[in-house]
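**Student:** Sequence:
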Amino acid sequence: MAWAVLLASAVLEAVWATALGASQGFTRPAETAVFLIATIASMAGLAWSIRRIPLGTAYAVWVGVGASLTVAWSVATGAEEFSWPKALFVAGIVACSAGLKALGGRAEGGPRQD
1 MAWAVLLASA
11 VLEAVWATAL
21 GASQGFTRPA
31 ETAVFLIATI
41 ASMAGLAWSI
51 RRIPLGTAYA
61 VWVGVGASLT
71 VAWSVATGAE
81 EFSWPKALFV
91 AGIVACSAGL
101 KALGGRAEGG
111 PRQD
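Going by this note's numbering, the letters in the sequence shown line up with residues 1 to 114, in that order.
Between beta-carbon pairs, the in silico distance windows are:
# : residue 1 : residue 2 : range
1 : Ala95     : Val11     : 16 to 26 Å
2 : Arg28     : Trp3      : 27 to 37 Å
3 : Ala98     : Val75     : 19 to 29 Å
4 : Trp73     : Trp3      : 18 to 28 Å
5 : Gly99     : Thr27     : 37 to 47 Å
Calculated directly from the structure, the hints in this document are not laboratory data.
No experiment lies behind these values; they were computed from the predicted model shown.
We treat Cβ as the ideally placed atom computed from N, Cα and C, and that holds for glycine.
Let the sequences and hints guide you as you build the complete structure.
**Tutor:** So this is what it looks like as structure tokens:
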């Protein structure tokens, strides 16, 4: 369950990062509201997850998945240009995140989440 919450929080990280860019410096109310709501929900999920997944692992996966999704969305919407080297490096981030998940582990005193 902790990994599912962490991945959902990573998706919300991509949402808030995208909304932050779309808010144009917090001058657009709807995008600013999406940013604020997604940020709070993303941080809450991360905070809950680190009670069950080691902090370093959880944070690295959260950032890696969120950043990868943000790049993928930017490319898909045309806000950023596609390139094979960029795709390769993003794939590397995803692979490293999957590798950290595969290693397993647990937070100090928490239940094992393998």
